[in-house]
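Undergrad: So the sequence lines, in the order shown, correspond to chains A and B. For the first sequence, our numbering begins at 1 and goes up steadily by one. For the second sequence, our numbering begins at 1 and goes up steadily by one.
Derived from the structure by calculation, the hints contain no laboratory data. Check before you lean on any hint, since a few could be wrong.
[Stated by the list, open to error] Here are the simulated lysine-lysine pairs, DSS-like style, with alpha carbons at most 30 Å apart:
| id | chain 1 | residue 1 | chain 2 | residue 2 |
| --- | --- | --- | --- | --- |
| 1 | B | Lys53 | B | Lys131 |
| 2 | B | Lys257 | A | Lys89 |
| 3 | A | Lys83 | B | Lys278 |
[Claimed, not checked] Partner residues are not named here, just some residues of chain A that face chain B (Cβ under 8 Å, in silico):
| id | residue |
| --- | --- |
| 4 | Gln127 |
| 5 | Arg138 |
| 6 | Glu139 |
| 7 | Glu150 |
| 8 | Pro179 |
| 9 | His181 |
| 10 | Val197 |
| 11 | Ile201 |
[To be verified] Ranges between beta-carbon positions, derived for each pair:
| id | chain 1 | residue 1 | chain 2 | residue 2 | range |
| --- | --- | --- | --- | --- | --- |
| 12 | B | Ser300 | A | Arg108 | 23 to 33 Å |
| 13 | B | Arg366 | A | Leu159 | 46 to 56 Å |
| 14 | B | Ile255 | A | Ile201 | 26 to 36 Å |
| 15 | A | Ser164 | B | Arg295 | 20 to 30 Å |
| 16 | B | Gln314 | A | Ala88 | 52 to 62 Å |
| 17 | B | Arg393 | A | Ala123 | 16 to 26 Å |
| 18 | B | Arg27 | A | Glu183 | 49 to 59 Å |
| 19 | B | Glu397 | A | Gly180 | 14 to 24 Å |
| 20 | A | Glu183 | B | Ser325 | 40 to 50 Å |
Every residue, glycine too, gets a C-beta built ideally from N, C-alpha and C.
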Amino acid sequence: MRGVQVIINAVLGGAIMEKWIMRSSFKFVLLAAAAAVAVGCASKPEPTPPPPLPPAVKPTPAPTPPPVPTPPPTRTGPAAGSKGDFQAKATDRVYFDLDQYTLDDADRQALQGQAQWLTQYAAARVQIEGNADERGTREYNLALGARRAEAVAGYLSSLGVNASRIETVSFGKDKPIDPGHTEEAWSRNRNAHTNVVSEAIS
Amino acid sequence: MIGTFRMILIAAIAAVSWTPLAGAQLRVTVEGVNFQPMPIAVPDFDGASPQAKDIAAQMAEVIRSDLSGSAVFRLIDPNAFIERDLDISLAPRFPDWTVIQAQALVVGNVVLESSNTMVTQFRLYDVFGGKELFAQQYTVPTADNWRRVAHKVADDIYSQLTGEAGYFDSRLVFVSESGPATNRRRRLAIMDQDGANAEHLLSGINSVLTPRFSPSSQTIIYSAYVPDARNPAITRLRVYLYDIETGRQEVLSEIEKATNYAARFSPDGRSVVMSREKGGNSDIYMIELARRTERRLTTSQAVDTSPSFSPDGQSIVFTSDRGGSAQLYVMRADGAPMACPSGGTETACRISFGQGQYTTPVWSPRGDWIAFTKQTGGKFSIGVIQPDGKGERLLTEAYLDEGPTWSPNGRVIAFFREAGPGAGPKLWSIDLTGRNLRRIPTPGDASDPAWSPILQ
Numbered sequence: 001m002r003g004v005q006v007i008i009n010a011v012l013g014g015a016i017m018e019k020w021i022m023r024s025s026f027k028f029v030l031l032a033a034a035a036a037v038a039v040g041c042a043s044k045p046e047p048t049p050p051p052p053l054p055p056a057v058k059p060t061p062a063p064t065p066p067p068v069p070t071p072p073p074t075r076t077g078p079a080a081g082s083k084g085d086f087q088a089k090a091t092d093r094v095y096f097d098l099d100q101y102t103l104d105d106a107d108r109q110a111l112q113g114q115a116q117w118l119t120q121y122a123a124a125r126v127q128i129e130g131n132a133d134e135r136g137t138r139e140y141n142l143a144l145g146a147r148r149a150e151a152v153a154g155y156l157s158s159l160g161v162n163a164s165r166i167e168t169v170s171f172g173k174d175k176p177i178d179p180g181h182t183e184e185a186w187s188r189n190r191n192a193h194t195n196v197v198s199e200a201i202s
Numbered sequence: 001m002i003g004t005f006r007m008i009l010i011a012a013i014a015a016v017s018w019t020p021l022a023g024a025q026l027r028v029t030v031e032g033v034n035f036q037p038m039p040i041a042v043p044d045f046d047g048a049s050p051q052a053k054d055i056a057a058q059m060a061e062v063i064r065s066d067l068s069g070s071a072v073f074r075l076i077d078p079n080a081f082i083e084r085d086l087d088i089s090l091a092p093r094f095p096d097w098t099v100i101q102a103q104a105l106v107v108g109n110v111v112l113e114s115s116n117t118m119v120t121q122f123r124l125y126d127v128f129g130g131k132e133l134f135a136q137q138y139t140v141p142t143a144d145n146w147r148r149v150a151h152k153v154a155d156d157i158y159s160q161l162t163g164e165a166g167y168f169d170s171r172l173v174f175v176s177e178s179g180p181a182t183n184r185r186r187r188l189a190i191m192d193q194d195g196a197n198a199e200h201l202l203s204g205i206n207s208v209l210t211p212r213f214s215p216s217s218q219t220i221i222y223s224a225y226v227p228d229a230r231n232p233a234i235t236r237l238r239v240y241l242y243d244i245e246t247g248r249q250e251v252l253s254e255i256e257k258a259t260n261y262a263a264r265f266s267p268d269g270r271s272v273v274m275s276r277e278k279g280g281n282s283d284i285y286m287i288e289l290a291r292r293t294e295r296r297l298t299t300s301q302a303v304d305t306s307p308s309f310s311p312d313g314q315s316i317v318f319t320s321d322r323g324g325s326a327q328l329y330v331m332r333a334d335g336a337p338m339a340c341p342s343g344g345t346e347t348a349c350r351i352s353f354g355q356g357q358y359t360t361p362v363w364s365p366r367g368d369w370i371a372f373t374k375q376t377g378g379k380f381s382i383g384v385i386q387p388d389g390k391g392e393r394l395l396t397e398a399y400l401d402e403g404p405t406w407s408p409n410g411r412v413i414a415f416f417r418e419a420g421p422g423a424g425p426k427l428w429s430i431d432l433t434g435r436n437l438r439r440i441p442t443p444g445d446a447s448d449p450a451w452s453p454i455l456q
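If we strip away everything but chain A, and leave its shape as in the complex, we get (with noise of 0.2 Å):
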């Protein structure tokens, strides 16, 4: 008989676990109950609905009630300052060659309009993030997203709009914008993005 050698056992489990199988079981719970409520709906989400078929039978025409006054029009556009406004106003995302982090004139352009925005709406705040496309790996990514976006958060300074209003992020290859695996997607997913986080509305 050899030495009791007594191994003391990690603890392998943390309490808040979850178990696979009851997660499973669960989401499936769910999507039963999904289910059952589509059917109830009959209408199934779908990007373009058909269009509604014309009524076979022309419908006895009601009596028409008399005309009553439309009201003035109202400004419908985003609120001046506000993140539609920026989206409206100015282009805010700019794109990026394949494992490159230079502007471009059409980019210099595109976040001049951006820095005159800012200009005007000077307590808005935006954060830039910065995206590669799927053709790499997640961390060497990471770094290329982020060049990018201070290549935009340093010209935007360079332009007058106060660093301190200029947050970065990169998401590397983790939040393309076109979910495609071709040239032109990979190319739209290399971008910089300008994100209003703090709207400048009074």
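Once you've looked at the hints, dock chain B against the given chain A.
TA: Relative to the frame of chain A, chain B by itself:
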């Protein structure tokens, strides 16, 4: 009391060698062109009660699966067995096993005691030598632990017959992915090395990246995107330390206008090495955890990322594009200049010189190889290279192969693969030799695997 979910495997395993060891002469060599898997027979273990018999049969199945999965062994079909109902207290009838060409035979027995304590005994025989090579007994306080015991037995058999440490009693942490590419859910998950006992950790955190184990397997370091506390419209990428045992977690270190990522533990678990991005530039930093003291290790204007320590803690391999494209570099952990294998004295020596991009280097726990991802000609490969830059070999190729991680014995590499455009990521493994490419089963899409050390 935190008790919403079941605790798993809280146990002490007592291991006893219960007969004297004979010198092992039966040996399978895991390397070399003439490699032949060793034929081995693992009949179902015997059990003293119907319940014990049931567990014993399942344990034998796990042992067979571990051994055949390693590709070092070829499991003989139980239908071919001549001798049945083996008794662990009696020697097997060796001729019954030589005739079916079994070189090794495992006989085991499971006893469930009244306190629910489970005692597992097994003997490993050299069939052609007609002798016992090894015998061992494991006692666990609850039969719930039978899978771990089975992995321990498989590790014993592996190490007795190969002369190398096993790797079956270990776990993988990974990112469990779901949802569309434009709005992907990425959750921290953990499972046994063979895909069993998969669980999500950390409910509510849906943007986890690059989890890695501490050397004790008790802490996971990972990155996650989280909303800023003061302005939730702002997204922060943070490094967290998460204690699996207590569920406690904390942000590693955060400073204004900088982002930490690509973090890994040092081999002694006392430090973390990581990238810090500041003003668009990523450099490598080391943080000593007890006092949170920091040291900057690179100062280049290039991307320096994905640092990984050598097992002796003396060196760090990382990715840098300082030479124009992403390549692998080795530096000393103390930052002192070193003599480079390619000549000259530098603070960091380039060790990869091929076409394409070399990223995600990970130093083997044996120290002999560095695994990496190589991107070239529109394809991705997992490869290995020696720390001096010699012996580069590519082991795989696919639309996307990324993020290698080593088995605790340094023989197997797990990674994630997207087989083609739009194919969700799945976990795979391959031997250091380039043989035995296998899928590691996961409940759904999975990426960023990291292998634990052998569990204690």
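Undergrad: All the hints need checking, so say for each whether the structure fits it.
TA: Checked hints:
Taking the CA atoms of Lys53/B and Lys131/B, the gap is about 26 Å. The hint holds against a cut of 30 Å. At most 30 Å may separate the alpha-carbon atoms for a hinted pair to count; Lys257/B and Lys89/A meet this at roughly 28 Å. About 27 Å separates the Cα atoms of Lys83/A and Lys278/B, which keeps this hinted pair within 30 Å; it holds. The beta carbon of Gln127/A comes within 5 Å of a beta carbon in chain B, closer than 8 Å, and the hint placing it at the interface holds.
Annotation: interface hint on Arg138/A holds; nearest CB of chain B at approximately 6 Å, less than 8 Å. Checking Glu139/A against chain B by beta carbon gives a least distance of about 4 Å; that is within 8 Å, so the hint holds. For Glu150/A, the shortest C-beta to C-beta distance to chain B is roughly 3 Å, which falls under 8 Å, so the interface hint holds. At about 4 Å, the closest approach between the beta carbon of Pro179/A and any beta carbon in chain B falls short of 8 Å, and the interface hint on this residue holds.
About 3 Å separates the beta-carbon of His181/A from the nearest beta-carbon of chain B, less than 8 Å, and the hint is met. Interface hint at Val197/A: satisfied, since its Cβ lies 4 Å from the closest Cβ of chain B, which is below the 8 Å cut-off. At its closest, the beta carbon of Ile201/A sits 14 Å from a beta carbon of chain B; the interface hint therefore is violated under the 8 Å criterion. Checked against the hint of 23 to 33 Å, the pair Ser300/B and Arg108/A passes, with Cβ atoms roughly 27 Å apart.
A hinted range of 46 to 56 Å for the beta carbons of Arg366/B and Leu159/A is consistent with their spacing of about 54 Å. The hint said 26 to 36 Å for the Cβ distance between Ile255/B and Ile201/A, and at roughly 31 Å that hint holds. A beta carbon spacing of about 29 Å between Ser164/A and Arg295/B agrees with the range 20 to 30 Å that was offered as a hint. The beta-carbon spacing between Gln314/B and Ala88/A, approximately 57 Å, falls within the hinted interval of 52 to 62 Å.
As the Cβ distance of Arg393/B to Ala123/A is approximately 58 Å, the hint placing it in 16 to 26 Å is violated. Checked against the given bound of 49 to 59 Å, the beta carbons of Arg27/B and Glu183/A, roughly 53 Å apart, stay inside it. Distance hint check: the CB atoms of Glu397/B and Gly180/A are about 23 Å apart, consistent with the given range 14 to 24 Å. Checked against the given bound of 40 to 50 Å, the beta carbons of Glu183/A and Ser325/B, roughly 20 Å apart, lie outside it.
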